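Build out the structure end to end from the sequences listed, making use of the hints.
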Amino acid sequence: MQYEPFSYSSPWTDSLRAEGAAQAAAEAVIKVLRARDILVTQPARERILACEDGDQLDRWLERAANATHVDELFAD
1 MQYEPFSYSS
11 PWTDSLRAEG
21 AAQAAAEAVI
31 KVLRARDILV
41 TQPARERILA
51 CEDGDQLDRW
61 LERAANATHV
71 DELFAD
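Following my numbering, the numbering of the sequence shown begins with 1 at its first residue and continues without gaps.
Heads up, some of the hints might be wrong.
What the hints assert, rightly or not - Calculated cross-link-like contacts (lysine to aspartate or glutamate; reagent style EDC-like; alpha-carbon spacing at most 16 Å):
id	residue 1	residue 2
1	K31	D58
2	K31	E62
3	K31	E46
Source of the hints: derived by calculation from the structure; they are not laboratory data. Small disclaimer: the values here were computed from a predicted structure and weren't measured.
Spelled out as C-alpha cells, the structure:
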C-alpha cells in the first residue's frame, strides 16, 4: 500500500511558513553582506531581520550582491 504525503494547510500554518521564509531570506541578506566583508550595523541587522515582506527582502538580497555599504540596501 502506498501513502500519499499529507500537507496540512490552514491560515496558521501558512503564516508560519511565510514567517520562516522571510526569516531565511533576511538571514541570506546578512550572510551575503558579511561574505562581502560589508559591516552590518546593529540597526541595519535589526531592520533586515524585522522585515516580513518577501519582495523587499528579494530586492535587498539583489542589492547586497553589489553593495559596497549596508546603507545601499535601503536606498529607495
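Status of the hints after comparison with the structure:
1. Annotation: proposed proximity of K31 to D58 holds, straight-line Cα distance about 14 Å (limit 16 Å).
2. A C-alpha spacing of about 13 Å is found between K31 and E62, which places the hinted pair at or below 16 Å, so the restraint holds.
3. Restraint check for K31 and E46: the C-alpha separation of about 14 Å stays at or below 16 Å, so the hint holds.
Comparing the model with each earlier hint shows no violations; every hint is respected.
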